[in-house]
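*Asks:* If you want the building blocks of each chain, they are given just below.
Number of protein chains: 2
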Amino acid sequence: MDKHDLKKEIAKLVMQELKTSGLLINEYNKVPVSVSARHLHLCKEDLEALFGKGYELTVEKEISQPGQYAAKEKVTLITDKGKIENIRVLGPLRNKTQIELTKSEARTLGLNLEVRNSGDLANTSGVTIKGPKGSIELKEGVIIADRHIHMTPEDAENYDVKNGQKVSVVVNGKKGGVLSNVTIRVNPRYKLDFHIDTDDANAFLIQNGDLLELVK
Amino acid sequence: MDKHDLKKEIAKLVMQELKTSGLLINEYNKVPVSVSARHLHLCKEDLEALFGKGYELTVEKEISQPGQYAAKEKVTLITDKGKIENIRVLGPLRNKTQIELTKSEARTLGLNLEVRNSGDLANTSGVTIKGPKGSIELKEGVIIADRHIHMTPEDAENYDVKNGQKVSVVVNGKKGGVLSNVTIRVNPRYKLDFHIDTDDANAFLIQNGDLLELVK
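Here the protein sequences line up with chains A and B, keeping their order. Taking the numbering used here, the leading residue of the first sequence gets 22, the next gets one more, and so forth. Taking the numbering used here, the leading residue of the second sequence gets 22, the next gets one more, and so forth.
Check the hints yourself; a few may be wrong.
Copies of the same chain look alike in the list, so a pair counts if it works inside one copy or between any two.
[Stated by the list, open to error] With a straight-line cut-off of 27 Å between C-alpha atoms, the simulated DSS-like cross-links for lysine-lysine are:
no., residue 1, residue 2
1, Lys51, Lys33
2, Lys102, Lys51
3, Lys237, Lys187
4, Lys95, Lys51
In case anyone wonders, no lab produced these hints; they're calculated from the structure.
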């Protein structure tokens, strides 16, 4: 047994002991929040069109989901109604370029965006993307991301929810309420995290890292 | 009986007839929405400091509450963190200057605003206001307005709510949910209207004029 496995084994035993002893409150109804600011994911072809042949993204900092990172690279979005500068690229690259904006940013660009799951891009809006080395006309791929909770299969068991299930999340405070239509997304590579956009964060006065109540 | 009174009398009789016949559904749980964009109310002293001695507001258009109007006049708000131009003045004048912003606008200005009822301004944030003829340092008066429903005493009876009562409003749709902590405001001069700010409208994908369900 190597050092890493030993640590995991000890952690597991401690957790078991705590659970058995009743010292650990099994509070499987709270989820931590990550507020997603506007951003885009690029495919290799679009990255090269915007930043140059053979270009590679530079990691700025890791973000909540394992393996994902905010890149140093930024682009500008342009429509005939307006533009938004400094849209950050998230890495790593994806098979298809996807831009995630809020309703308020959609207004700035005069776009009538649909609320979609990540990756569900058929017949969504397009936009002009401008990078330091060139521009592209994205035909589709601009969405308002749906509210969703990332979790592992173990989390799903603990919270008693299933992949794809719609749940609600309760927010307290002076502008509290309920966020409905929150999609559960289960994957062994995920880390427990409730993703909302900046419009939701501002409307409900939610801060990054807040613990909110999941209701079914 | 003059023409106006005659019309009112006929309308009243038709309504009575519809109610008696059961043809009219008494749906006292829906409220129409008015989305309030950022704005300010000025006292006479501040109006003159910003626009000049003896200045009077110009009506641009009437707004939902009787006697209230959007003025043509606009100002700029300035802090050491940022500025927002084109903040519209609403008329008529008030006893105390009050500025209503959203959380997202508060972020732009680096202000940590409180959610308050209109008029409840003690110990709220200040800001620099710049007009065409001068600037003032507002000591307090910048708030995030609480969610509220204007209604007449007759409406209050129909909806079975009281002045000051907190209710919730349900929103359907892909970014639906519940808006909590909505204050009922009753006054004979009011018109039935649910006032939310642009952050709430954007987060819930609510449009001006939407009919939403009030729940107690």
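*Asks:* So, for every hint listed, does it hold in this structure?
*Replies:* Going down the list of hints, with the structure as the test:
no. : hint            : verdict
1   : Lys51 - Lys33   : within (21 Å within a copy, 53 Å between copies)
2   : Lys102 - Lys51  : neither (41 Å within a copy, 35 Å between copies)
3   : Lys237 - Lys187 : both (8 Å within a copy, 24 Å between copies)
4   : Lys95 - Lys51   : neither (34 Å within a copy, 44 Å between copies)
Checked against the numbered hints given earlier, the structure breaks hints 2, 4 and satisfies all the rest.
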